[in-house]
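Listed below are the residues making up each chain.
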Amino acid sequence: MVLVLSLLSVTAVASEDNELIQTLAPELLSKSKPKRLMAIDEIAASSAPRKALWLQAMIDGDLYQLKKTDEIVLATRQGNTYSLTKASDGTGLDSVKKRALRKIKIDNAMRSYLRSLIGTLALQSDDTEERFQAVYSLLGKVDSDAVEPIRKLKSQEKSERVHEAMGLLISIHDLENGTAEQQADAFEFVSGRLDNDVLNSLRRLSETSADKQVVAQAVMLLDEAESRKRWYTYIETLFFGVSLGSVLVVAAIGLAITFGVMGVINMAHGELIMLGAYTTYFIQQLMPSAIDYSLILAVPAAFIVSGSVGVLIERTVIRHLYGRKLETLLATFGISLLLQQAVRTFISPQNVAVINPSWMTGSWVVNPALSLTLNRLVIIAFCLFVFAVLLFVLTRTRFGLQTRAVAQNRQMARAMGIRSARVDAMTFGLGSGVAGIAGVALSQLGNVGPNLGQSYIIDSFIVVVFGGVGSLWGTLVAGMSLGIGNKLLEPWAGAVLAKILLLVFIILFIQKRPSGLFPQRGRAVES
Amino acid sequence: MPTYPLIDRLLLIALVLLTITVPILNLGVNADHALYIETYNVTLLGKYLCFALLALSVDLVWGYLGILSLGHGAFFALGGYAMGMYLVRQIGDRGVYGNPDLPDFMVFLNWQEAPWFWTGMEHFPVALTAIVLAPGLLAFVFGWFAFRSRVNGVYLSIITQAMTFALMLAFFRNEMGFGGNNGLTDFKDIWGFSLQSNETRNALFVASGVALLLGYFICQKIVRSRAGLVAQAIRDAESRTRFIGFNVENYKLWFFTFSAILAGIAGALYVPQAGIINPSQMAPLGSIEVVVWVALGGRGSLYGPIIGALLVNYAKSWFTAAFPEYWLFALGALFVISTLYLPNGVMGLFNRKAA
Numbered sequence: 001m002v003l004v005l006s007l008l009s010v011t012a013v014a015s016e017d018n019e020l021i022q023t024l025a026p027e028l029l030s031k032s033k034p035k036r037l038m039a040i041d042e043i044a045a046s047s048a049p050r051k052a053l054w055l056q057a058m059i060d061g062d063l064y065q066l067k068k069t070d071e072i073v074l075a076t077r078q079g080n081t082y083s084l085t086k087a088s089d090g091t092g093l094d095s096v097k098k099r100a101l102r103k104i105k106i107d108n109a110m111r112s113y114l115r116s117l118i119g120t121l122a123l124q125s126d127d128t129e130e131r132f133q134a135v136y137s138l139l140g141k142v143d144s145d146a147v148e149p150i151r152k153l154k155s156q157e158k159s160e161r162v163h164e165a166m167g168l169l170i171s172i173h174d175l176e177n178g179t180a181e182q183q184a185d186a187f188e189f190v191s192g193r194l195d196n197d198v199l200n201s202l203r204r205l206s207e208t209s210a211d212k213q214v215v216a217q218a219v220m221l222l223d224e225a226e227s228r229k230r231w232y233t234y235i236e237t238l239f240f241g242v243s244l245g246s247v248l249v250v251a252a253i254g255l256a257i258t259f260g261v262m263g264v265i266n267m268a269h270g271e272l273i274m275l276g277a278y279t280t281y282f283i284q285q286l287m288p289s290a291i292d293y294s295l296i297l298a299v300p301a302a303f304i305v306s307g308s309v310g311v312l313i314e315r316t317v318i319r320h321l322y323g324r325k326l327e328t329l330l331a332t333f334g335i336s337l338l339l340q341q342a343v344r345t346f347i348s349p350q351n352v353a354v355i356n357p358s359w360m361t362g363s364w365v366v367n368p369a370l371s372l373t374l375n376r377l378v379i380i381a382f383c384l385f386v387f388a389v390l391l392f393v394l395t396r397t398r399f400g401l402q403t404r405a406v407a408q409n410r411q412m413a414r415a416m417g418i419r420s421a422r423v424d425a426m427t428f429g430l431g432s433g434v435a436g437i438a439g440v441a442l443s444q445l446g447n448v449g450p451n452l453g454q455s456y457i458i459d460s461f462i463v464v465v466f467g468g469v470g471s472l473w474g475t476l477v478a479g480m481s482l483g484i485g486n487k488l489l490e491p492w493a494g495a496v497l498a499k500i501l502l503l504v505f506i507i508l509f510i511q512k513r514p515s516g517l518f519p520q521r522g523r524a525v526e527s
Numbered sequence: 001m002p003t004y005p006l007i008d009r010l011l012l013i014a015l016v017l018l019t020i021t022v023p024i025l026n027l028g029v030n031a032d033h034a035l036y037i038e039t040y041n042v043t044l045l046g047k048y049l050c051f052a053l054l055a056l057s058v059d060l061v062w063g064y065l066g067i068l069s070l071g072h073g074a075f076f077a078l079g080g081y082a083m084g085m086y087l088v089r090q091i092g093d094r095g096v097y098g099n100p101d102l103p104d105f106m107v108f109l110n111w112q113e114a115p116w117f118w119t120g121m122e123h124f125p126v127a128l129t130a131i132v133l134a135p136g137l138l139a140f141v142f143g144w145f146a147f148r149s150r151v152n153g154v155y156l157s158i159i160t161q162a163m164t165f166a167l168m169l170a171f172f173r174n175e176m177g178f179g180g181n182n183g184l185t186d187f188k189d190i191w192g193f194s195l196q197s198n199e200t201r202n203a204l205f206v207a208s209g210v211a212l213l214l215g216y217f218i219c220q221k222i223v224r225s226r227a228g229l230v231a232q233a234i235r236d237a238e239s240r241t242r243f244i245g246f247n248v249e250n251y252k253l254w255f256f257t258f259s260a261i262l263a264g265i266a267g268a269l270y271v272p273q274a275g276i277i278n279p280s281q282m283a284p285l286g287s288i289e290v291v292v293w294v295a296l297g298g299r300g301s302l303y304g305p306i307i308g309a310l311l312v313n314y315a316k317s318w319f320t321a322a323f324p325e326y327w328l329f330a331l332g333a334l335f336v337i338s339t340l341y342l343p344n345g346v347m348g349l350f351n352r353k354a355a
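Respectively, the protein sequence lines represent chains B and F. For the first sequence, counting from 1, position 436 maps to 436 in my numbering; every step adds exactly one. For the second sequence, counting from 1, position 130 maps to 130 in my numbering; every step adds exactly one.
One chain only, chain F, in its complex shape (with noise of 0.2 Å):
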């Protein structure tokens, strides 16, 4: 396994930057200076900063583990719908139909009660919960058969893809409870701070370069430890691993856990920026998209995803902004340059050259 402490602690560095430096030009330079970044794109580039974080949580699996999950938009969206329960919550009666009990959507279904598991979402605690607990018990549950039952490669990418389509059928339904097709929106205030005010909003981007950060260490503490380096031997060669004497499906099952927890928290720092979430983004195009992400910066180090998530969502702001037409052509070709001729990603070439 090549390192590359150069690389590594230059981006460590550069995001630590980003974070600090953003909001002091947004909050404390003038509207008219050089410098200033507009409200809206301290916004754009804090969505960005969960993308970085949902793909370091890929990568996890898929650059060390082997596992190319193809449902990691399920785990995201569902962070992100338990931060919108939170935040619905957070409306109060100044909903649309200023019920104070009850969310709009379920007033307009004309249901008497909330269903149970909207039970405590009003204080963040619970919330918090949820938002760890919701995606780390599907990835367990999902996982636990699914390793047990040695389901490998391609077919665990499809079940993955199957996941996440069923559960974007489902939370398509108004009888689940989470706003039908046009999930949950119209958030106020977050801990009793208005979504709307710039403070905020650069409060969430520096919580999100954060998370960031700190998943970041956290990953790379896991991936040198002991449990890091059987992940690669897995990865590498699972049946040697396993005739050797690790528990392979253990492994697994913690390091898919942790990657799907990972992404739920990327989504419910995402939602509150976004200011809305819906079963769309559970859409199985999303969580392929996020692998292209990966294997774009390069899989298999902890800040190629980061760079790749980076790169293809600005280059995706770019192009929808300027032709948006071509930005399905970008992106296609994307896919098909980086696995044709970058196999170890944009990352990669530097590794090349430094050889």
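With the rest of the complex left out, here is chain B (with noise of 0.2 Å):
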């Protein structure tokens, strides 16, 4: 009850700020220019939610007061009648002749004043983000009119960030348009700044200025800008490699340990990474209140869907085939074809939709000509997380050291007392949990579908292969600087011929170092 008291209350003041129009109509009609532009100022300064829409519609020539009931309305011209609404509250009247209205007219110089009125308008709005994205589509825009109240509203602002922003956009003016000593000061304020609008500013005035020293000191801001920009452009393909490289290294890194550690050609790992990015979309979709955090509960559920899963392939049918590496390369192909149809026929051949949480999207804007998306930053940390877990799981311990042992002389191991069966399962389960944890990853980048598995599979190879097969570190390295290579490559080779090459040179690598850029050393290399 008190809550529709309230609302009703508000829209009543509203309603009274609109009448405001009206209450100004005999000055807005008279024939006093002063008094005209005292009736527009004093709009300007009302809290009436329409009144950016009475500013605009003055400047448009849409305003008209009806002759019949002294009305202030918006009009817009249909054919020979004038289709019309009330300008205080919105509500639609009967279309009408030419001769049924009354113009507001306006002269030249009211209008630039209207415009610049309009500008500032939402630059005096109570939110900051909104002073602050006011300030932003400004800037470049204003003229001499429209500058002087920003100088006025930048004294008063309290917000730095606007506050700098006030700063940058009176500087852009000023440098073309202000005094000696203004111009000096904006030269001051953009030095240093890589704003589009603040080079395209210093080009124009390095081209028209007709004072040399302007000109030079123009000139030496935009070379100083220009070389840094590069610089900056370098710094962002180096982004985007090292974050291709974390993807490949996430999705290769299960590889390394089924494939490197244990030396099973494991065709089924791309499935196993697709299956990760299934239960992604299957938590999302038990939890679609919470999306941010269903990506922190899917990873242990996508490594236990996957690890289970690949325990599972190595006990029916990996177990019996240790020792002959090329069929347990075909027997894991057709595990990875049963696994692709499972998911086409069991759940949809259609590739589903996950979501990605608040917290993944975005950019961080670190200046003008750079910023990072956040997604490619989460997965870069995520990929050396992952990474230093792995590392820290078979290097330090108990697991790890009894993994290594079998995988280096299973006999010796037995002989030991370790029981080499279990830990071959849970080598596998761990390699497979893995990949599905990479699901997880991958599946915020691309489309989740039953060939997500196919297109990262060939990938995945070549990274531990380039890297030296049973060496983490390889891994790393390789998926970095194959991520790093390829955005090298891409804009002049394009992405396709980009790929191809790095292929190619991959196959020549491998001639020269058939074991990869770290290879194993010691007598278990010769099996």
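Treat the hints as calculated values from the structure; they're not laboratory data. We put the beta carbon where it would ideally sit given N, CA and C, even for glycine. A portion of the hints provided could be inaccurate.
Here are the in silico distance ranges between beta carbons for each label pair [unchecked claim]:
1) Gly153/F to Trp231/B: 42 to 48 Å
2) Trp116/F to Gly494/B: 39 to 45 Å
3) Gly153/F to Gly494/B: 32 to 38 Å
4) Arg315/B to Val126/F: 45 to 51 Å
Hints given; two lone chains; assemble the complex.
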């Protein structure tokens, strides 16, 4: 009840504000220009919600008075008649002929005054973000009439961000149109800035200014900015490369265990990734109201799902094929087909929609020339995290020690009391589980569908082989260098050709160093 | 190395009979007769025979030399593309754009002239040379690098897969001049005979059968020769063979190259019957499927892969018609079962019973 009442009172106040245009009608239509300007000022200073609309209509010449009722109306011409809405609250009225209307006239001076008023309306908003956006939308677009009120606003501005942005807005104006003194201040303000509007303004200045000193200063600033921008482009390429590399490493690192440590050619690796991605999808379906937390839950869930499938595969198929690598390749490929078709038949042959949580969308704006998207940053961090955990598990835990012992010499490890069959199953489960985790990460980057695994399997193998089978560090270095290499080649070769070139490079590299970047040494190698 | 003279001879007789009787049952028998074979099925059988030849070529290097190639689809497709180029040139001005000098896709891309490798492709001898040379050269260069630096086993398999993948990506590009995504299609005639006519289709079927038989004989000669015995020695004990004094790399290189040419010829015979060649023929999946035909039939014998290819492809046609959903289930299960329980393939079963 109270709520309803308060709502009613709000609308009452608003409608009272909106009647302002009606009360000011005599002034707006008066012959005296000062009176009309005063009326406009009053509108601009009021808190009427529709005031921006009225001012804009006035500029466009769409504001009229209906002769019969003296109501102020917004009119749009439709053929011979004008369709009307009430200026005060927007209710529609019957269409009329032009004769029935009296136009609220403005001249050019008033028009430019109105323009600057509209621009500054948003600048006076109570919301800091809205003010900030308003300033940015005006960058490079204000003329001398509009810039003066902004100078005034700047001195009253409390938010540092908006203050700075206003400074930028004024400087861009002053660079070309300010007094000599203002221009000097502006030069000082914009030096070191990379905003496109600043650079455009400097460029115009260097071409049009008659003052040689000004031109020299502008050119100097431009050169400086260009070289810094080029530098930031390199950083950006590097960032793209590292993030692509992280994707490759995340996808390949599970394989680095099953293939690298155990020597199992697991062609179903891609499908284990796919299972992880589908797990993410189902977790999100289970908790639609808490998407932001779904990924955190999806990581262990995907590990368990893919890990158990992995253990199952190891126990039923791979166990019988140790020592017959090429046969394992074929059998696991068969399993990959089974898993793919299972997803197609039992879930859907179409892609499913996995949602990005809010903390992964958007980007981190370092400066106007460099912004890093958050989802890529998260992938990089996630990749390093998974890598560190795996490295720890394999080198610092009892389980890791047993894994490496069985991998190096099964007979000897068994003689020492290690249950090699159990270790095999656990290791394969670990590798598969990590593939599942990779699926969680990759579900955030691309389509999730039955074919997801196939698009990563070849890349994964190439990363592991390039890095050196059995070396986690090799996988990291290989993935990163392939990612960066790809992004360096892409600008002049195109995405597909870059990929082809890298494949050819890998084929040639394997000829030269058949055991990858970081080959295993020791007696175990000759098997 | 066990020999199966009986099965060997039976298969040969069956192949010869098939090659002779199928055209007779299509051309010489009334359409309402019980034994009549539809032209569609003749072409289907012809394609199977091409696949069998491809399987034979994979078996030659895998079963007798121990090289598991996951890239034979690339050689098959290269041979197919060479044939496709010849067939596209035969279209002349009957294409959609009616341009007598340029294939349709080049007109579509606004090209002024065909790239150099299209020169002379309208002459069959040139095309035939390309059918042999394109896969042969690729295999020779690839093998020369790979075997000399002693890339072995799984690594070799993976780089052959990388090779066919890279080639597929390259052929997908319009700039390559092979029709990009759509590949080459819309063929009209071969040697002046319409590809739509029953007679031509039967002739292509017979050609496929003859090619398979010839390939079979040549492979048999090879594996029974001294070189074939050396190859098997390399498969079973590479280092030992090298220490005895054989030049392992040369044997591998020539076997690999010959096998690629065989695959290319299979591709060239396949394309006029299928009516299209496009880059998806080079997809890594296709090459692995061939390996399954061989594994299922039984590698290390020459008739095993032929029977495997015919069986699996027949099953594929049947499944995709009757239960399209379940074909991949069946294929996946085939992979697993044949590796787990049939290390010597279907033919191994017969051998076990005989022994």
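Going through the hints against the structure:
1. Gly153/F to Trp231/B: 42 to 48 Å: Since the Cβ atoms of Gly153/F and Trp231/B sit about 46 Å apart, the hinted range of 42 to 48 Å holds.
2. Trp116/F to Gly494/B: 39 to 45 Å: Given range 39 to 45 Å: violated, Cβ gap about 22 Å.
3. Gly153/F to Gly494/B: 32 to 38 Å: Since Gly153/F and Gly494/B have Cβ atoms about 34 Å apart, the given range 32 to 38 Å holds.
4. Arg315/B to Val126/F: 45 to 51 Å: violated (57 Å)
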